[in-house]
Amino acid sequence: MYDQSKIRLIRAAVEQWESTDVRRSRSRLPERRSAFTTISGAPVNRLYTPADVADLDYGRDLGLPGCYPFTRGLHPTGYRGKLWTMRMFAGFGTAEETNARFKYLLSQGQTGLSIAFDMPTLYGYDTDAPQAMGEFGKCGVAVSSLADMEVLLDGLPLDRVTTSMTINGPAATIWAMYIAAAEKRGIPRQALGGTIQNDILKEFIAQKEFLFPPRPSLRLVVDTIEFGTREMPRWNTISISGYHIREAGATAGQELAFTLANGFAYVEAALARGLGIDEFAPRLSFFFNVHNEFFEEIAKFRAARRIWARTMREKYGARDPRSWMLRTHAQTSGVSLTAQQPEVNIVRVALQALAAVLGGAQSLHTNSMDEALALPSEKAVTIALRTQQVIAEETGVANTLDPLGGSFYVEALTDRLEREAEEYFRRIEALGGVIPAIEAGFQQREIAEAAFRYQHEIDTGERTVVGVNAYVADEPLTIPLLEMDPHGYERQVARLRRVRAERDNAAVQAALRRLLDAAQDSHTNLMYPILEAVNAYATLGEITGVLRQVFGEYQEPVFF
Amino acid sequence: MTERKIRVLIAKPGLDGHDRGAKVVARALRDAGMEVIYTGIRQTPEMIVEAALQEDVDVVGLSILSGAHMALCPRVIELLRSQGMDDVVVLVGGIIPDEDVEPLKQLGVKGVFGPGTSTGEIVEFIRQQVAG
Amino acid sequence: MERTADALLSALLAGNRRALARVISLVEDDAAEAPALLSALYAHTGRAHVIGITGAPGTGKSTLVNALARAYRAQGHTVGVIAVDPTSPFSGGALLGDRVRMRDLAGDPGIFIRSMATRGSLGGLARATADVISVLDAAGFARILVETVGVGQAEVDIASAAHTTVVVEAPGLGDEVQAIKAGVLEIADIFAVNKADREGADRTVLALQMMQGLAPATTGHHRAAGPPTPHARPQPGPQEDGSWLPPIQKTIALHGDGVDALREWIERHAAYLTATGGWARREATRAAAEIERILRDRLWEALLAGLPADCFAQTVAAVVRRETDPYTAATRLLTYAP
Numbered sequence: 001m002y003d004q005s006k007i008r009l010i011r012a013a014v015e016q017w018e019s020t021d022v023r024r025s026r027s028r029l030p031e032r033r034s035a036f037t038t039i040s041g042a043p044v045n046r047l048y049t050p051a052d053v054a055d056l057d058y059g060r061d062l063g064l065p066g067c068y069p070f071t072r073g074l075h076p077t078g079y080r081g082k083l084w085t086m087r088m089f090a091g092f093g094t095a096e097e098t099n100a101r102f103k104y105l106l107s108q109g110q111t112g113l114s115i116a117f118d119m120p121t122l123y124g125y126d127t128d129a130p131q132a133m134g135e136f137g138k139c140g141v142a143v144s145s146l147a148d149m150e151v152l153l154d155g156l157p158l159d160r161v162t163t164s165m166t167i168n169g170p171a172a173t174i175w176a177m178y179i180a181a182a183e184k185r186g187i188p189r190q191a192l193g194g195t196i197q198n199d200i201l202k203e204f205i206a207q208k209e210f211l212f213p214p215r216p217s218l219r220l221v222v223d224t225i226e227f228g229t230r231e232m233p234r235w236n237t238i239s240i241s242g243y244h245i246r247e248a249g250a251t252a253g254q255e256l257a258f259t260l261a262n263g264f265a266y267v268e269a270a271l272a273r274g275l276g277i278d279e280f281a282p283r284l285s286f287f288f289n290v291h292n293e294f295f296e297e298i299a300k301f302r303a304a305r306r307i308w309a310r311t312m313r314e315k316y317g318a319r320d321p322r323s324w325m326l327r328t329h330a331q332t333s334g335v336s337l338t339a340q341q342p343e344v345n346i347v348r349v350a351l352q353a354l355a356a357v358l359g360g361a362q363s364l365h366t367n368s369m370d371e372a373l374a375l376p377s378e379k380a381v382t383i384a385l386r387t388q389q390v391i392a393e394e395t396g397v398a399n400t401l402d403p404l405g406g407s408f409y410v411e412a413l414t415d416r417l418e419r420e421a422e423e424y425f426r427r428i429e430a431l432g433g434v435i436p437a438i439e440a441g442f443q444q445r446e447i448a449e450a451a452f453r454y455q456h457e458i459d460t461g462e463r464t465v466v467g468v469n470a471y472v473a474d475e476p477l478t479i480p481l482l483e484m485d486p487h488g489y490e491r492q493v494a495r496l497r498r499v500r501a502e503r504d505n506a507a508v509q510a511a512l513r514r515l516l517d518a519a520q521d522s523h524t525n526l527m528y529p530i531l532e533a534v535n536a537y538a539t540l541g542e543i544t545g546v547l548r549q550v551f552g553e554y555q556e557p558v559f560f
Numbered sequence: 001m002t003e004r005k006i007r008v009l010i011a012k013p014g015l016d017g018h019d020r021g022a023k024v025v026a027r028a029l030r031d032a033g034m035e036v037i038y039t040g041i042r043q044t045p046e047m048i049v050e051a052a053l054q055e056d057v058d059v060v061g062l063s064i065l066s067g068a069h070m071a072l073c074p075r076v077i078e079l080l081r082s083q084g085m086d087d088v089v090v091l092v093g094g095i096i097p098d099e100d101v102e103p104l105k106q107l108g109v110k111g112v113f114g115p116g117t118s119t120g121e122i123v124e125f126i127r128q129q130v131a132g
Numbered sequence: 001m002e003r004t005a006d007a008l009l010s011a012l013l014a015g016n017r018r019a020l021a022r023v024i025s026l027v028e029d030d031a032a033e034a035p036a037l038l039s040a041l042y043a044h045t046g047r048a049h050v051i052g053i054t055g056a057p058g059t060g061k062s063t064l065v066n067a068l069a070r071a072y073r074a075q076g077h078t079v080g081v082i083a084v085d086p087t088s089p090f091s092g093g094a095l096l097g098d099r100v101r102m103r104d105l106a107g108d109p110g111i112f113i114r115s116m117a118t119r120g121s122l123g124g125l126a127r128a129t130a131d132v133i134s135v136l137d138a139a140g141f142a143r144i145l146v147e148t149v150g151v152g153q154a155e156v157d158i159a160s161a162a163h164t165t166v167v168v169e170a171p172g173l174g175d176e177v178q179a180i181k182a183g184v185l186e187i188a189d190i191f192a193v194n195k196a197d198r199e200g201a202d203r204t205v206l207a208l209q210m211m212q213g214l215a216p217a218t219t220g221h222h223r224a225a226g227p228p229t230p231h232a233r234p235q236p237g238p239q240e241d242g243s244w245l246p247p248i249q250k251t252i253a254l255h256g257d258g259v260d261a262l263r264e265w266i267e268r269h270a271a272y273l274t275a276t277g278g279w280a281r282r283e284a285t286r287a288a289a290e291i292e293r294i295l296r297d298r299l300w301e302a303l304l305a306g307l308p309a310d311c312f313a314q315t316v317a318a319v320v321r322r323e324t325d326p327y328t329a330a331t332r333l334l335t336y337a338p
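Residue numbers (my numbering), protein chains in the order written: chain R, 1 to 560; chain C, 1 to 132; chain Z, 1 to 338.
Chain R with its partners taken away, still in its complex shape (with noise of 0.2 Å):
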């Protein structure tokens, strides 16, 4: 893309420039600190120019938007076609409480639905278990049983709307109630669009709700997969995740890396499953998480992109370009916002939502305000979903595709970021793949490693957060935090005992014994035997109770 002969020039340039100019200046006034690194911890130089990507081969590493290797975008016409989804994650307390929500957003302007589950339902408790004593409502919303679900999704425009769903070791379950609740409604399978979370392999290496050990874990995964390319056109039958994996510490590097090498785990197992790539890989979806160095995030969204269809094409053979395009979704990070002066959270949030769009994700959530401190009031939540509007109304940054392609910082980024990934790839290979990677604590020891060194840097004051070891104003906290109905648990285990009570009882023995023999049987997807317990009004609990019953469950060891 550039002469060479030029870049010799420029480096020249450059470093006359460095030893007169920038010392000159220097000496007057001495930069802010004598390294700048990014979050992550890579270098960040004073200046990017041709010469740091003199490699750079427009068509070979960057292509045209729509067009392999898709560095630029997915689709040729971006955002000026469709805006990306404004997908805001909600979820508390009762299935009506959340239902109202839901309503009220999708009031606000939201385009798509995204599900919270409380800490039980993650964990394929019913509400009323032991386990789940004081958890009840606390982070999302509890679902027990097909009922719930129905409540959940009443009114709601399920053939209009897709719908997301960050639901991990009980994903089965929980995607079968969906789909039970909406064809009660008439609506069949194929025409639900929606995505499940649905990625254990980050949940062994960071967020921890896993249930039963890895292998029968994968093989859920791949059952879903499986399923969902089979009978589900429009839905994204996974959401391979890096937002948790970044929250628990990791750099932008391990994240992009740890995240494309579960994605390429999942492809792998759903090949040995017998699966064609092309059938299935279009319906694989991403999450990215987007963090504060504004620049390192837009370039790891592009590189993201790039590596991913080298690979899908390269190494899996995938002929179909669908197969090819990592679609993602993105939400601002959650872990960055303080509870320090919370308002000032609105502003970190706007400039992150701005690097998730200039970085090309296909929806987004916002994090509200009091992220730090509760779940989100409907005004926070208000506040959240506008920012994503008045960048995409108001900014102009969503009229023109990938505006900082050619960036020389931004290429240089993301030419680093794939480099980082790849050497990572090459680290988890000679630890004999992902799983025995996990199993060994590599993965999880590069995080914590990570976590540390921040949490240091930030002791120290190396790091400024705003409000935390800086500009700090002893303030009592005044913005007005969300209630929730003080009613809602006996609410909700009341109609779990209705449930109970009244349903046909043999029916749901009889479907979770075929769903316990159809666990011992590694060849029958669980899907089904679910599904049919699902509609007899078998609880999450009981369901995840068979389940755990075949499978174990798994007990991390720990790495720090």
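It is possible that some hints are incorrect.
As the list claims (entries may be wrong) - Cβ-Cβ distance ranges computed for the label pairs, FRET-style:
{"id": "1", "chain 1": "C", "residue 1": "116", "chain 2": "Z", "residue 2": "264", "range": "51 to 57 Å"}
{"id": "2", "chain 1": "C", "residue 1": "102", "chain 2": "R", "residue 2": "233", "range": "53 to 59 Å"}
{"id": "3", "chain 1": "R", "residue 1": "552", "chain 2": "Z", "residue 2": "213", "range": "37 to 43 Å"}
{"id": "4", "chain 1": "C", "residue 1": "131", "chain 2": "R", "residue 2": "431", "range": "42 to 48 Å"}
{"id": "5", "chain 1": "R", "residue 1": "130", "chain 2": "Z", "residue 2": "239", "range": "52 to 58 Å"}
{"id": "6", "chain 1": "C", "residue 1": "116", "chain 2": "R", "residue 2": "407", "range": "43 to 49 Å"}
{"id": "7", "chain 1": "C", "residue 1": "82", "chain 2": "R", "residue 2": "130", "range": "15 to 21 Å"}
{"id": "8", "chain 1": "C", "residue 1": "82", "chain 2": "Z", "residue 2": "317", "range": "44 to 50 Å"}
{"id": "9", "chain 1": "C", "residue 1": "82", "chain 2": "Z", "residue 2": "46", "range": "31 to 37 Å"}
{"id": "10", "chain 1": "C", "residue 1": "107", "chain 2": "R", "residue 2": "154", "range": "36 to 42 Å"}
{"id": "11", "chain 1": "C", "residue 1": "131", "chain 2": "R", "residue 2": "549", "range": "38 to 44 Å"}
Claimed, not checked - If you only want the chain Z side, here are some residues facing chain C, beta carbon under 7 Å, derived:
{"id": "12", "residue": "21"}
{"id": "13", "residue": "91"}
{"id": "14", "residue": "95"}
{"id": "15", "residue": "97"}
{"id": "16", "residue": "100"}
{"id": "17", "residue": "113"}
{"id": "18", "residue": "117"}
I should point out that these hints are in silico values taken from the structure, not numbers from a laboratory. Heads up, the beta-carbon is just placed ideally off N, CA and C, and yes, glycines get one too.
Starting from the known structure of chain R, arrange chains C and Z on it as the hints suggest.
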């Protein structure tokens, strides 16, 4: 007479699996010369108190980000009392709304450390509490 | 909770676990009351079977200890567990994370788990570990499992503290078999090849067998197997000549496979020791090692206390200046001995 080491139990009660903070604090306390027993995630209050008893710790640090602190903390403190372990210093870290801080302290929690706390603060607090 | 030494002692002997934990702390901290407590407790010791579990990091020791403890509980034995982890030489602190892998044992009143940091000791056990074993013994635990750090000279330390030493290996950890390290082959009473479902497990077993075959016949209780031919290879365990050929037991601690068999080997070893007088000999070795350790500590302390202020530091400085040498210096210092 060897130098007395401060022994701390860091535990994650309930279902919350977000252990980034707990692990960072555990390492920081180790670096400050303390002996830290990390229990891992998914601990019941009973398991936590049993471990605290057997390990004869000076401090129990609970890390909770799930919002279930008002159910879990009282239970831990109640069990500690029933074992005659009133002198154990109980600390809580994680996502704790301001309005719950006083009630927790009334229960017997000695310190509540929310987001933005530096590890140095926690080390200092523990040293003061154990010495006093 | 009464703190006086006598009250603690009676409570401990009566089964009070808080008292047990407190006494362990006093012993660990080398508190003033510790020697008296240990003296009083000693009469109650001697019943427990002490089993050392050692091996390189990553072999799954903690998981194996967890599984073994469960196997013992299933047989109705009470189990004390001591898990040792290294103290950081820089900070003096320690991260004691072995309990995490023993989740299964939670809530069982027949189990007591204590994590210990080495606190500067180099041998893979803490200085106080032998004493803590005595405390658990006096408290009535039938089996005491001691998990070491697994590096350095840990193996030698554990052999003098335990009746039965289990060396844990696992396939695929790099250098083929840790037993190549000097001394390990001699102190292992039993080899556990853990993670036996992994690639290379059989190779590890073979490597251990070959090493047993290549080892010269010792005059100690471990005997070499001779060249490993299929016909001539003797059965592991007690031999006709009274020696013990360490068995090599494959285990998958995570699933419990082979753990009962391991437990049986450990019991068989205890029976062997009793039958051949080996138990008494081990007790004697342990007692001798303890008395020696206590004597060394006390003699050293007494000597130091008898030195004039700064005398030691000045002697060191003189040696460094080459005005004298360590041997002459020591002879001189001994003249201050009480």
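Against the structure, the hints:
1. 116/C x 264/Z: 51 to 57 Å: Between residue 116/C and residue 264/Z, where Cβ atoms are some 55 Å apart, the hint holds.
2. 102/C x 233/R: 53 to 59 Å: Since the Cβ atoms of residue 102/C and residue 233/R sit about 55 Å apart, the hinted range of 53 to 59 Å holds.
3. 552/R x 213/Z: 37 to 43 Å: This hint holds: roughly 39 Å between Cβ atoms.
4. 131/C x 431/R: 42 to 48 Å: holds (45 Å)
5. 130/R x 239/Z: 52 to 58 Å: Holds, since residue 130/R and residue 239/Z (Cβ atoms, about 54 Å apart) stay within the stated range.
6. 116/C x 407/R: 43 to 49 Å: Given range 43 to 49 Å: violated, Cβ gap about 33 Å.
7. 82/C x 130/R: 15 to 21 Å: holds (19 Å)
8. 82/C x 317/Z: 44 to 50 Å: Once the Cβ atoms are compared, 57 Å apart, the range 44 to 50 Å for residue 317/Z and residue 82/C is violated.
9. 82/C x 46/Z: 31 to 37 Å: holds (34 Å)
10. 107/C x 154/R: 36 to 42 Å: holds (40 Å)
11. 131/C x 549/R: 38 to 44 Å: violated (50 Å)
12. 21: holds (4 Å)
13. 91: Hint on residue 91/Z: holds, closest Cβ of chain C at ~5 Å, below 7 Å.
14. 95: Nearest chain C Cβ about 5 Å off; hint holds.
15. 97: holds (5 Å)
16. 100: With Cβ-Cβ at 4 Å, under 7 Å, it holds.
17. 113: Cβ of residue 113/Z sits 6 Å from chain C, so the hint holds.
18. 117: holds (5 Å)
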